[in-house]
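J.: If you're matching them up, the sequences are chains A and B in order.
Sequence positions in the first sequence follow the working numbering and run 7 to 147.
Sequence positions in the second sequence follow the working numbering and run 7 to 147.
Since the hints were made in silico from the structure, they are not lab data.
Watch out, some of these pointers could steer you wrong.
[Claimed, not checked] Residues from chain B shown here face chain A by an in silico Cβ test under 10 angstroms; the list is partial:
no. : residue
1   : Val-45
2   : Ser-82
3   : Asp-94
4   : Thr-122
Predicted, not measured: the structure shown is a model, and the values here were computed from it.
We treat Cβ as the ideally placed atom computed from N, Cα and C, and that holds for glycine.
2 protein chains.
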Amino acid sequence: MDLATGESAMQSVALARVRYDATTGLVPVIVQEAKTREVLMMAYANREALKRTLATGQAWFFSRSRQEYWRKGATSGNTLNVLSIWVDCDADSLIYWVEAVGPACHTGERSCFYRTLVSDSMAEQADKLSGEVSIERSIEK
Amino acid sequence: MDLATGESAMQSVALARVRYDATTGLVPVIVQEAKTREVLMMAYANREALKRTLATGQAWFFSRSRQEYWRKGATSGNTLNVLSIWVDCDADSLIYWVEAVGPACHTGERSCFYRTLVSDSMAEQADKLSGEVSIERSIEK
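The task is simple: from the sequences and hints, build the whole structure.
T.: This is the structure we're talking about:
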């Protein structure tokens with residue numbers, strides 16, 4: 007433990023492995039349910055948010071709009087227990103493997119990704135207009 | 007079909023639903039194997055890259071470092087067939103659900119996320135130093 011930073015040796019090494027964005031200091035974090043592999047949300051961390059995640063086992067992020075740290079579920083109670091953290095080949099994006107306590111999305115949906123980009127109704131409308139069929143529609147049937 | 011842009015009505019509506027970053031015009035894209043739900047990689051698209059993805063059913067991105075469009079697998083042959091595209095609650099990140107032709111990572115690994123941030127060897131080394139145990143180690147055992 008480094009008394010000046012409060013970091014363990016392992017934490018320091020882990021935190022230094024990540025390539026944070028040179029301008030913003032952020033790294034995108036994919037949040038994935040460890041059991042089902044469902045992607046629940048995407049948010050951003052910086053070194054300090056990641057440090058808090060490693061230290062507490064709860065998912066911490068940094069809000070770009072509010073410019074502040076936030077622990078998922080601090081208000082709602084819908085916390086994310088982080089079981090493991092994956093880093094990609096060039097170390098500039100992360101996955102938090104989590105166990106979600108309640109819905110991850112503020113809408114009450116389990117995942118923030120509850121809509122497809124090209125919805126059926128849009129596809130139907132466009133089909134009428136142009137006779138074309140989307141990739142999504144042809145797959146989902 | 008709008009002859010000026012080459013876009014179908016549905017494509018135009020879909021492309022307009024996304025909140026591209028105000029500064030960069032980019033949106034992060036999580037690439038997930040549709041069958042296994044494994045996260046394979048993370049990259050960025052802009053409106054044009056997304057348009058090409060919708061039009062071709064192959065995963066297109068925009069490279070921030072090279073500032074150019076790229077189709078995954080154009081060189082390697084390891085293309086990604088996009089089956090569906092998901093958008094999150096605030097429409098500023100996407101998931102491509104894909105069928106991967108070959109490994110997605112340039113290292114030859116199936117996924118770019120093939121390493122945990124706190125590896126066992128690091129944890130062992132740090133344990134010796136400080137006697138602490140990481141969240142990853144305690145879970146993975």
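J.: Which constraints among the numbered hints does this structure fail? Numbers only, ascending.
T.: 2
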